[in-house]
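K.L.:
Sequence:
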Amino acid sequence: MPGDLGCGFPDLHKNGHKLTHIHVEGPSDQPVVLELNKQQWRCLNCHTTCTATTPVVKANHSIGNKLAIDALKLASKSLTVKTIALLLGISTNSVQRALDDNIHPHASRKLPENLYFDEFRSTKSAMSFICIDADTHKAVKVLGGRLNKDIKEFFINQYNVAQRAAVKRVVMDMNAAYQLIVHELFPNAEIIIDRFTIVQMIERAMDQIRVTTLKQLDGKSREYKVLKSLWRLFHLAHPDAKKSRYLFGSRIFGVGKYFHSKSTRP
Numbered sequence: 001m002p003g004d005l006g007c008g009f010p011d012l013h014k015n016g017h018k019l020t021h022i023h024v025e026g027p028s029d030q031p032v033v034l035e036l037n038k039q040q041w042r043c044l045n046c047h048t049t050c051t052a053t054t055p056v057v058k059a060n061h062s063i064g065n066k067l068a069i070d071a072l073k074l075a076s077k078s079l080t081v082k083t084i085a086l087l088l089g090i091s092t093n094s095v096q097r098a099l100d101d102n103i104h105p106h107a108s109r110k111l112p113e114n115l116y117f118d119e120f121r122s123t124k125s126a127m128s129f130i131c132i133d134a135d136t137h138k139a140v141k142v143l144g145g146r147l148n149k150d151i152k153e154f155f156i157n158q159y160n161v162a163q164r165a166a167v168k169r170v171v172m173d174m175n176a177a178y179q180l181i182v183h184e185l186f187p188n189a190e191i192i193i194d195r196f197t198i199v200q201m202i203e204r205a206m207d208q209i210r211v212t213t214l215k216q217l218d219g220k221s222r223e224y225k226v227l228k229s230l231w232r233l234f235h236l237a238h239p240d241a242k243k244s245r246y247l248f249g250s251r252i253f254g255v256g257k258y259f260h261s262k263s264t265r266p
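Using my numbering, read the sequence shown as starting at 1 and increasing by one per residue.
Calculated cross-link-like contacts (lysine-lysine; reagent style DSS-like; alpha-carbon spacing at most 27 angstroms):
1) Lys18 to Lys66
2) Lys77 to Lys141
3) Lys73 to Lys138
4) Lys110 to Lys152
5) Lys18 to Lys58
6) Lys138 to Lys110
7) Lys77 to Lys66
8) Lys138 to Lys168
9) Lys152 to Lys141
10) Lys149 to Lys138
11) Lys149 to Lys168
12) Lys138 to Lys77
13) Lys77 to Lys58
14) Lys141 to Lys110
15) Lys82 to Lys66
16) Lys14 to Lys38
17) Lys14 to Lys58
18) Lys215 to Lys225
These are calculated hints, taken from the structure and not from any lab test.
Take these sequences, add in the hints, and give me the full structure.
P.N.:
Printed below as a string of structure tokens:
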């Protein structure tokens, strides 16, 4: 029986029962389900309620502690969530919750000098934030959301000022709002725009100019037909285009404002 609910007055009285079903074993032939009739309590002082707990299972969970440990052991053998669920006699969602509750990936202990910020579509069409080492492509941290306040909270709580000041460059695309917090988190860092984003924007701008020009031409004219059918020509490199050899971040995918040597003809 709990002592109190936080109000400081141990004035708890019985308030009915709550019937629960706990999966405690998952043999291959027949799952074992424990039926618990938990005592509920109500504080007459603060009018809040609570339910009795047991060491067999965590509060507000329906998968027993032993079964959760079994799921972790099977996961360590590189089995899929679906396979683990079949072996233990529980749902795939229950297996995933057990893994999420007990596996907490640690962020990188040391911040790389060059970071890459990006976002990706995760569960239920939600967007998540990922930070990786721009040189090695190893993940630094994955956050469930992409809000700037969550990103700031993570880096400030995880790394001290000296560690964050050692970051030299942060790579991102032009559509993200991360540039608003980069210098606040990393005072000595340069913001580098992803080369892929720049090339993509140039291609779209060229297409817009081509379409605008087409609208001003006669649909039967030779110029119109050339612009209409040979659109790929506008995406080819100019014969006199100059190439640059990037000295930094050759392994960084799509980065385009790095230190480079003098332009030389190919």
